[in-house]
Amino acid sequence: MSEKPTGALSGQSGKDPDSDLLVQDPNLPPVALDPAAEAEQYKWTPTKVVIWVAIALLGGVSWSMLAFSRGETINAIWFVFAAVCTYFIAYRFYSKYIESKLTRPNDRRATPAEYNADGKDFVVTDRRVLYGHHFAAIAGAGPLVGPILAAQMGYLPGTLWIIVGVVLAGAVQDYLVLFFSMRRGGRSVGQMAREELGVVGGTAALIATLAIMIIIVAILALVVVNALGESPWGVFSVSMTIPIAIFMGIYLRFLRPGKVSEVSIIGFALLIAAIIGGGAIAETGWGAAIFTLDRTTIAWGIIIYGFIAAVLPVWLLLAPRDYLSTFMKIGTILMLALAIVLVRPEINVPAFSEFAGRSDGPVVPGSLFPFLFVTIACGAISGFHALIASGTTPKMLHKERQTRFIGYGGMLMESFVAIMALVAALSIDRGIYFAMNSSAAATGGTVEGAVAFVNSLGLANVNLTPDMLTELARNVGEQSVVSRTGGAPTLAVGLSHIMHGLIGGVSMMGFWYHFAIMFEALFILTAVDAGTRVARFMLQDTIGNVLPKFKNMSWRPGVWICTAIMVAGWGYILILGVTDPLGGINTFFPLFGIANQLLAAIALAVCLAIAAKRGAFKYLWIIALPLAFVTVITVWASILKIFSPDVKVGYWANNIANRNALAAGETSLGNANSVADMEAVVRNTAVQGTLSIIFVILTIIVITTALWATYKSWRLGGEPSHEDPAVVSSTYGPASLFATRQEKELEKQWNALPVATRRQGRGHDVEH
Amino acid sequence: MMSSINWPQARRGWRSFAWYFKGVMGEHAYQDYLEHHRREHPGTEPMSEREFWRDKTDRQDNNPQGRCC
Numbered sequence: 047m048s049e050k051p052t053g054a055l056s057g058q059s060g061k062d063p064d065s066d067l068l069v070q071d072p073n074l075p076p077v078a079l080d081p082a083a084e085a086e087q088y089k090w091t092p093t094k095v096v097i098w099v100a101i102a103l104l105g106g107v108s109w110s111m112l113a114f115s116r117g118e119t120i121n122a123i124w125f126v127f128a129a130v131c132t133y134f135i136a137y138r139f140y141s142k143y144i145e146s147k148l149t150r151p152n153d154r155r156a157t158p159a160e161y162n163a164d165g166k167d168f169v170v171t172d173r174r175v176l177y178g179h180h181f182a183a184i185a186g187a188g189p190l191v192g193p194i195l196a197a198q199m200g201y202l203p204g205t206l207w208i209i210v211g212v213v214l215a216g217a218v219q220d221y222l223v224l225f226f227s228m229r230r231g232g233r234s235v236g237q238m239a240r241e242e243l244g245v246v247g248g249t250a251a252l253i254a255t256l257a258i259m260i261i262i263v264a265i266l267a268l269v270v271v272n273a274l275g276e277s278p279w280g281v282f283s284v285s286m287t288i289p290i291a292i293f294m295g296i297y298l299r300f301l302r303p304g305k306v307s308e309v310s311i312i313g314f315a316l317l318i319a320a321i322i323g324g325g326a327i328a329e330t331g332w333g334a335a336i337f338t339l340d341r342t343t344i345a346w347g348i349i350i351y352g353f354i355a356a357v358l359p360v361w362l363l364l365a366p367r368d369y370l371s372t373f374m375k376i377g378t379i380l381m382l383a384l385a386i387v388l389v390r391p392e393i394n395v396p397a398f399s400e401f402a403g404r405s406d407g408p409v410v411p412g413s414l415f416p417f418l419f420v421t422i423a424c425g426a427i428s429g430f431h432a433l434i435a436s437g438t439t440p441k442m443l444h445k446e447r448q449t450r451f452i453g454y455g456g457m458l459m460e461s462f463v464a465i466m467a468l469v470a471a472l473s474i475d476r477g478i479y480f481a482m483n484s485s486a487a488a489t490g491g492t493v494e495g496a497v498a499f500v501n502s503l504g505l506a507n508v509n510l511t512p513d514m515l516t517e518l519a520r521n522v523g524e525q526s527v528v529s530r531t532g533g534a535p536t537l538a539v540g541l542s543h544i545m546h547g548l549i550g551g552v553s554m555m556g557f558w559y560h561f562a563i564m565f566e567a568l569f570i571l572t573a574v575d576a577g578t579r580v581a582r583f584m585l586q587d588t589i590g591n592v593l594p595k596f597k598n599m600s601w602r603p604g605v606w607i608c609t610a611i612m613v614a615g616w617g618y619i620l621i622l623g624v625t626d627p628l629g630g631i632n633t634f635f636p637l638f639g640i641a642n643q644l645l646a647a648i649a650l651a652v653c654l655a656i657a658a659k660r661g662a663f664k665y666l667w668i669i670a671l672p673l674a675f676v677t678v679i680t681v682w683a684s685i686l687k688i689f690s691p692d693v694k695v696g697y698w699a700n701n702i703a704n705r706n707a708l709a710a711g712e713t714s715l716g717n718a719n720s721v722a723d724m725e726a727v728v729r730n731t732a733v734q735g736t737l738s739i740i741f742v743i744l745t746i747i748v749i750t751t752a753l754w755a756t757y758k759s760w761r762l763g764g765e766p767s768h769e770d771p772a773v774v775s776s777t778y779g780p781a782s783l784f785a786t787r788q789e790k791e792l793e794k795q796w797n798a799l800p801v802a803t804r805r806q807g808r809g810h811d812v813e814h
Numbered sequence: 665m666m667s668s669i670n671w672p673q674a675r676r677g678w679r680s681f682a683w684y685f686k687g688v689m690g691e692h693a694y695q696d697y698l699e700h701h702r703r704e705h706p707g708t709e710p711m712s713e714r715e716f717w718r719d720k721t722d723r724q725d726n727n728p729q730g731r732c733c
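Chains as they are written, first to last, in the numbering used here: chain W, 47 to 814; chain G, 665 to 733.
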C-alpha cells in the first residue's frame with residue numbers, strides 16, 4: 047500500500063498539515079481541545095469499564111434471545127435492547143475509529159457556518175438542535191414501510207440487516223457525506239460527483255439521481271393511495287391537512303410571523319380534530335358517499351395536488367406542512383418508543399418464516415438474498431440521505447467534530463425507528479399480516495378470498511378466520527382490511543394494537559389507526575412535494591445548460607414546464623402501480639429499494655474517490671466494504687429483475703410470458719384475468735424492466751468512474767483535494783451529545799466571555 | 665406519597681425543553697439572524713421579523729430543499 051501524502055494533502059499520517067497555518071486568536075480560549083485532554087477523555091476508568099461491559103452483556107443476551115429463542119413467542123423488548131446496545135457500541139467504537147482514521151476532523155478549522163455565516167442559511171447551530179433538525183429531514187415514511195414488507199421472511203433477517211446494515215453501511219454513508227460536504231462549504235453530492243468523477247461520472251450521477259427521485263416519489267405516493275383507497279375516514283382526515291397547512295401558512299405570513307411552535311401546536315390540535323371528525327363523518331351517509339374514493343381517483347388527486355403544491359409559493363403550503371410534519375415525526379416516534387417499552391408486546395412470528403428460503407412470498411417476491419436488502423432500504427442504508435447530508439445540515443454545523451454525532455448518530459436514530467416499525471408489524475397476528483399485505487390479485491379483495499388464500503399458504507400457527515378480519519376492520523373504522531398493501535395500514539394496525547392497550551381500549555383503536563395513517567400520509571406528501579421541487583430544480587438547471595432561460599428560477603413558464611415533466615414522470619408510474627393487475631406494491635416496491643440503494647452506492651463511490659485523494663488508502667475498506675455490499679446486492683437484484691426466467695421475479699420473463707399468451711389468443715395468465723389485464727402486465731413490466739436497466743447501467747458507470755479515480759489517486763499517492771481552504775475557527779462546542787469533563791471545562795472558559803465575543807462567526811466581509 | 669415539586673428546577677426543565685423544541689422547529693432563525701447582523705453589519709438596519717420570515721420562505725421558492733422518504 048502506498049502511503050505518501052504530499053504536502054498539499056490533508057488527512058493522512060500524523061497531524062493535519064493545515065494545523066500549522068491555523069493559528070487561532072490568542073485572546074480567545076482554545077477553539078479545540080488540546081491533544082492531551084482529547085486523549086484523557088478516552089482513558090478507561092473502572093466506572094466506564096463496568097458500564098461498557100454491562101452494555102455489551104445486555105446486547106449479547108438480547109441478541110442471543112433473538113437468535114436462539116425457540117419458544118412460541120418472544121418479547122419485543124429484546125429487539126429494543128439488542129438495537130440500542132449495538133448502536134451504543136457502534137457509535138462509541140466504530141464511528142470513533144472512522145473519525146480517528148478516515149475523516150480526522152479538526153476543530154481548529156472553521157465550519158462553513160462560521161466562515162460563510164450569513165445569518166440565513168449558514169448559521170452556527172447548537173449540536174443537539176441540529177441533531178433533531180437533521181433527523182427530521184432524513185427520517186420519513188421509508189423506515190416505516192420497508193421493514194414491514196420484509197417481515198414476511200420472519201423477524202430475524204430484517205432485524206439483523208437493519209442493525210448491522212446501519213452500523214457498517216448507512217450511518218457510515220451519512221457521516222462521510224456530511225463530513226466531506228462540510229469540508230466543501232456544503233456542496234451537494236451531485237456537485238461533488240462532478241468534481242471527483244469528471245463529466246461522465248458526474249452526468250451519470252445526475253441522471254441517476256433524477257430518475258431515482260421520480261421512482262421514489264411515485265412509490266411513496268402509491269403507499270398513500272393504498273392506505274386511503276375505499277377509506278372515507280382516511281380520505282377526509284388526510285385531505286384536511288391541506289386547509290390546515292394553508293391556514294398555518296397564512297397565520298405565519300400575516301398574523302404572527304415566526305411563531306413556528308405556536309402555530310404547529312394549533313395545527314396539531316386541528317389535525318387531531320380532523321381525525322376525530324373524520325370518524326364521525328365517515329359514519330354519516332353523505333360523508334361516506336363523498337369521501338369513499340377508489341384508488342385511481344385518489345391517485346389522480348395526488349398527481350394534481352403534487353403539481354399545484356410544487357408551483358405554489360413555499361410559505362403557503364410546503365413550509366407550514368413541513369413544520370407540522372416535523373412536529374408529528376418527533377412526537378409520534380417518541381410515542382411509539384415509549385409505548386413499545388411500556389406495553390412490551392409478545393411477538394409470535396418465527397425467526398425465519400416459511401418464505402425466508404423461497405422466492406414466492408406474497409408480500410414482495412424474491413429470495414432473501416438479495417431481495418431482503420432492497421426491500422429494507424431506509425433504516426439500514428438510504429441513498430436519499432446523501433442529498434440531505436450534503437444540503438442544509440453541513441451549512442449549520444458548529445464544529446467539525448460534531449459531524450460524527452449528527453451524521454452517524456442521526457442515522458442510528460432512523461434505524462431505531464425502522465426497528466420499532468418492524469416490532470409494530472410483528473406484533474399483529476400473522477394471518478392478519480398476510481391478509482393485509484397480499485395483493486388483491488391473490489386474495490380477490492374479499493374476506494373469504496383472503497381467508498382461503500392465507501390458510502392455503504401453510505403457515506405454522508396460522509388459522510385465520512373471517513371474524514378476525516371483519517372484527518379488526520370494524521375496530522379500526524375501515525370497511526375492509528384485506529389487501530391493504532404498502533405497509534402503512536399494517537403499521538397503523540400494529541400501532542393501534544400497541545397503543546389501545548395503553549390509552550383508550552378497543553374504542554380508541556380507530557383513532558390510533560387513523561392517527562398512524564395520517565402521520566404517514568403527512569410525511570409522504572411532504573416528501574412528494576419537496577421531491578418534486580428538488581427534481582424540478584435539477585431539471586431546470588440541466589436544461590439551462592442548453593436553454594439559459596431555464597436557469598432563471600423565477601421564470602414561471604420554466605418552473606411550470608419542468609414541474610409538469612417531473613409530475614408526469616412519477617404520476618405515470620403511480621397510475622401504473624395503482625392499476626397494476628398483479629398488485630402494484632409487490633411489483634413496484636423492489637424498484638424503490640433498488641433505486642435508493644443504488645443512490646447509496648453512488649454516494650459511497652464518491653466518498654471512496656474523495657478518501658483516496660486524501661491518501662487514506664489503508665482505511666479505504668471502511669467505505670469499500672459497504673460500497674461492495676450494496677453494489678453486489680443491488681446489481682444482483684437488478685439483474686434478477688431483468689434476466690430471471692421466474693415470472694414472479696423477472697420483469698421481462700413476465701413480459702414475454704404475457705406477450706406469448708396474448709399472441710396465442712389466451713385470455714388469462716396467472717393473476718391477470720383478462721386480455722386487458724394481460725396487456726397492462728405487458729406494459730407495466732416493460733416500464734419496470736426498462737427502469738431496472740437504466741438504473742443498473744448508470745450505477746455501473748458511476749462506480750467505474752469512481753474506481754478509476756480511486757486507482758489514479760492510489761498511483762499518485764493522493765491528489766490535491768477540492769476542499770475549501772482552511773480558515774481558523776474562533777468558536778468552541780463539545781463534540782457529542784453529552785460534554786465530557788474536559789469539554790465542560792473548556793466550555794466554561796468560553797461562557798465566561800462577554801456574549802458579543804463568544805461566537806465570532808466570520809461573515810462574508812472577511813476575506814478568505 | 666406526593667413528594668413536593670421542586671419548582672425552580674421544574675421551570676428550568678420546562679424552559680430547556682421549550683428552547684430545544686423551538687430550536688428543532690427552526691424558530692430561533694430570526695434571533696440568529698439578528699445576532700449575526702448586529703455583529704457583522706453594525707449601524708445598519710436589520711430586516712424586521714416579518715420581512716425576515718418572508719425572505720426566508722421566498723428564498724426557498726428558488727432553492728428547494730429535499731425531505732427524505
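Hints are not guaranteed to be accurate.
[To be verified] Chain G regions said to be covered by chain W (calculated; three or more residues, Cβ under 8 angstroms):
1) 668-681
2) 707-721
3) 727-733
[To be verified] Estimated spans, in silico, between C-beta atoms of each pair:
4) L698(G) with P359(W): 41 to 51 angstroms
5) S680(G) with L67(W): 51 to 61 angstroms
6) P359(W) with S712(G): 33 to 43 angstroms
7) L67(W) with S668(G): 56 to 66 angstroms
In short, the hints are calculated from the structure, not lab data. Just so you know, even glycine gets a beta-carbon here, dropped at the ideal spot from N, CA and C.
Subject >> Stated coverage of the stretch 668-681 of chain G by chain W [criterion: 3+ residues, CB within 8 angstroms] >> reply: violated (count 0)
Original post:
Honestly, do L698(G) and P359(W) meet the 41 to 51 angstroms range at C-beta?
Top reply: The hinted range 41 to 51 angstroms is violated for L698(G) and P359(W), with Cβ atoms some 25 angstroms apart.
Original post:
In terms of beta carbon proximity below 8 angstroms, does the stretch 727-733 of chain G have 3 or more residues touching chain W?
Top reply: Answer holds; 7 residues pass the 8 angstroms Cβ test.
Original post:
Is 33 to 43 angstroms right for how far apart the beta carbons of P359(W) and S712(G) are?
Top reply: Since the Cβ atoms of P359(W) and S712(G) sit about 19 angstroms apart, the hinted range of 33 to 43 angstroms is violated.
**OP:** Confirm or reject the claim that L67(W) and S668(G) have a C-beta distance inside 56 to 66 angstroms.
**Re:** Holds, since L67(W) and S668(G) (Cβ atoms, about 58 angstroms apart) stay within the stated range.
Original post:
So does S680(G) sit 51 to 61 angstroms from L67(W), Cβ to Cβ?
Top reply: Once the Cβ atoms are compared, 38 angstroms apart, the range 51 to 61 angstroms for L67(W) and S680(G) is violated.
Original post:
Taking a Cβ-to-Cβ distance below 8 angstroms as contact, does the stretch 707-721 of chain G have at least three residues touching chain W?
Top reply: holds (count 8)
Checked against the numbered hints above, the structure breaks hints 1, 4, 5 and 6 and satisfies the rest.
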